[in-house]
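Engineer: What follows is the residue order along each chain.
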Amino acid sequence: MSNSEKKIYMSNKIKFTIDGKECVAEEGMDLWKAAKENKIFIPYLCHMKDVIPAGSCRICTVKVNGRPVASCTTPVTKEMDGATIENITPDLEEMRRMIVDLLFVEGNHFCPSCEKSGNCELQAMGYRYQMMVPQFPFSFPLREVDATTPKIYLERNRCIQCKKCIRSIKDNEGKSYFAFYKRGHKLEIHIDHELAAKMSDELAQKAMDICPVGAILRKEKGFDTPIGKRKFDKEPIGTEFTK
Amino acid sequence: MANIENFSKEIAAKYGKNPSRLMDILLDVQNEFKHIPSEAVNILSKELKLSKVDIEQTMSFYHFFTCKPTGKYTVYLNNSAVACMMGREEIAKVFEKEAGCKFGEVTSDGLIGLHDTACNGMNDQEPAAIINGTVFTSLTSQKVKDLVTAFKSGKNVAELVKNYGDGANTEMKSEVKNNIRKKGAVLFSEYKNGNALKKLIRFSPEQIINEVKNSNIRGRGGAGFPTGLKWEFCSKNKGEKYVICNADEGEPGTFKDRVLLTEIPATLFEGMTIAGYAIGSHQGILYLRHEYAYMKTRLEMVLENLRKSNLLGKNIAGKNGFDFDIRIQFGAGAYVCGEESALIESAEGKRGEPRNRPPFPVEKGYLNQPTTINNVETLCSVVRIIENGADWYKKLGTEKSTGTKALSISGDCKYPGIYEIEWGMTIKEMLEMCGAENVQAVQVAGPSGICISPSMFDRKIANEDLPSGGSMIVIGQQRNLLKDVVLNFMNFFIDESCGSCVPCRALTPVLKNKLTNLINGNGCKQDIDEMLKLARTMKALNRCGLGQTAANPILTTIENFREKYEALAKEPSADGVYHFDLKASVKESCDVVKREVKIHA
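Residue numbers (my numbering), protein chains in the order written: chain C, 1421 to 1663; chain R, 97 to 697.
Derived by calculation from the structure, the hints in this document are not laboratory data.
Only a predicted model underlies this, so the values are computations on that prediction, with no experimental measurement involved.
A hint or two may mislead.
Unchecked claim - List of simulated lysine-lysine pairs, DSBU-like, C-alpha gap at most 35 Å: (1) R:Lys332 - C:Lys1435; (2) C:Lys1595 - R:Lys164; (3) R:Lys660 - C:Lys1433; (4) R:Lys334 - C:Lys1498; (5) C:Lys1606 - R:Lys415.
What the hints assert, rightly or not - So, partial list: chain R residues that the calculated Cβ filter (under 8 Å) puts toward chain C: (6) Pro115; (7) Asp150; (8) Gln153; (9) Phe157; (10) Pro454; (11) Ile517; (12) Met521; (13) Thr522; (14) Leu527; (15) Ile590; (16) Ser596; (17) Pro599; (18) Arg632; (19) Leu637; (20) Gly641.
Even for Gly, the Cβ is constructed at its ideal location relative to N, Cα and C.
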């Protein structure tokens, strides 16, 4: 073992470059978070703080020594030491834009009338990729809105199936309020009516806040932040990462 | 019919109110009521201490679980590409006419339900249907008419089987035929069950793993991972380990596991026991696709006989502490569950969504314990490796692909069926062997594999050249490759995507629509290149093998049959622009409202 190798082994710190920038990260940490700690923004939609990554949106795909992987579900390993990682490159950005396009055309998104407009991560991604019109034809699916629970309603037209609500909104026993029904392009989000009847205001608010789009909305709330003061009115998505 | 409340409670109790046995519980409820009533879901949620959505998310994932009754006589007719080649559409029409309802419907009296299903593992004897769990093969118009008449007079489906198939199919009172066309040295040669186990106990688990490693056998499910290495990884991890046999055989065109499960189930179970010994596991699970439920009684009998002859259970073959037993876990209709981590999720009673890896199953598999998952054919082959030694095995096949491979050959050939070949055979030799003439293309390794043209028929079936999990579909000159085959495969992948990853869920339909446009004469040359580019991104962006290969039908046919796409593409007008024919486009809607087509320039 050479001296430099020994040093890395001792501290469990792994060194690699992302788009040429030298980065250091702890072994075992997911690559997305490792990039964040190195002030690098890897675009994403489904990653959540303190929740096991799902790897479902695939927007955070990067190339490690040329091999594409979802950065949120890829741990930093010893083998990654010295690796060249690509993040903001033309082909990866093109693929990301394609995913954003797909999310727009597979649902029904009417930004101007949406409560989440200006705070919506999908919309912010659309701006990031300077999307004027999607490259694919709209599919205009028929999706039902579920407004039968007391605190929130599910606006499925806007759901991007990111699983954030399923993964994080749970009761004290660990039972999930939300779940997917069906599969493939028929996938749809559902809420447990029995649990939802007893949902606290705080949890309802959390559910709305973690939803990256306007699919989970608190009843009697909405449009309460004036235009100009909404999250993405101030700066584009991802800006805070690089400060 | 049983009382829903009592039945649900009994079933929950039968499986120890264990939520991880949800699949078995739902299967019992579905079998009893021909659907899963919402009352049953309510009761089960209380009994299993799950939320209602927890149960319904699993239930709604699988093809064979339904919330509406599927009919007293539930017909699932295969709609795979080969079934369609063999006359599936005509048979479907006869079913519809005789039963009085369309596919996707149930007759108003609830007597007969007609449903589509993906490849049911009978490609060598299509058209085939599964009716209340019983398989009916080589369907003809007359046979369908007789079946429907029998339904109307209330006959028991099992009694409608007229002629039993060969081999052990007779024991199962099934009309399925084995169609074993070529027997090789490993799978279909004479073997006395127990020989390998008796030899096994003289060696240590490490020695067994080394022998398997030394044989260079690779997984036979399609991914081709070295089996010995997988066992070694698993053996080094600590925990209550599991051996799972993947018998989900869902790749359209594959049916070799069906025949192995029919003819040499005891060998398979012996292989699982060997794996248990090698990795240090006491529990095995055979994850069996629901389409093969007709084998259940016999497989359980085989297990019971093995226990009686001390080849399963406690102190196997007289070796103290060598304990191993096997249970059968059924799937419920989901191709993606053939992916090992999705299979584990499913076996745990959840939606069959592939997991993120790492951790790999050898580290955290079933119930988060170290688990080795092997294909049926792999485990059967291992038995012979232990019996005869790695050196004997390595003499078969090629240097990089040792041993034999069971091919399931179907489509446009004289002798569809099972062929146990040595790796290294060329496609040309294979086509001669199965009596195929005027071949347009061969679909190697099923829809997720590649479609090759005659110029490539000199290539070899081997891991180093054309790898295959066993599905070989011969496509004759008379077929419309894009419409009859590629479009069918794309529909299959759209139906079978779990939906987790955006590209697999949303891009596959986009690709299919582009193909449909091209087939309908509404595509242009640029579409071909765009499809190619999009199809390539699927490989890079999706998590599991299904998503990564879902665009392969389009990708590999553009690569190998580009001229067929170009022939369909519209030419631009003399000015280089693709003009849009407004008149033709609105004609249909104008016809409906009986209005003359008038275009104002």
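Engineer: When the hints from earlier in the document are held up against this structure, which numbers fail?
Structural biologist: 3, 5, 6, 11, 12, 13, 14, 18 and 20
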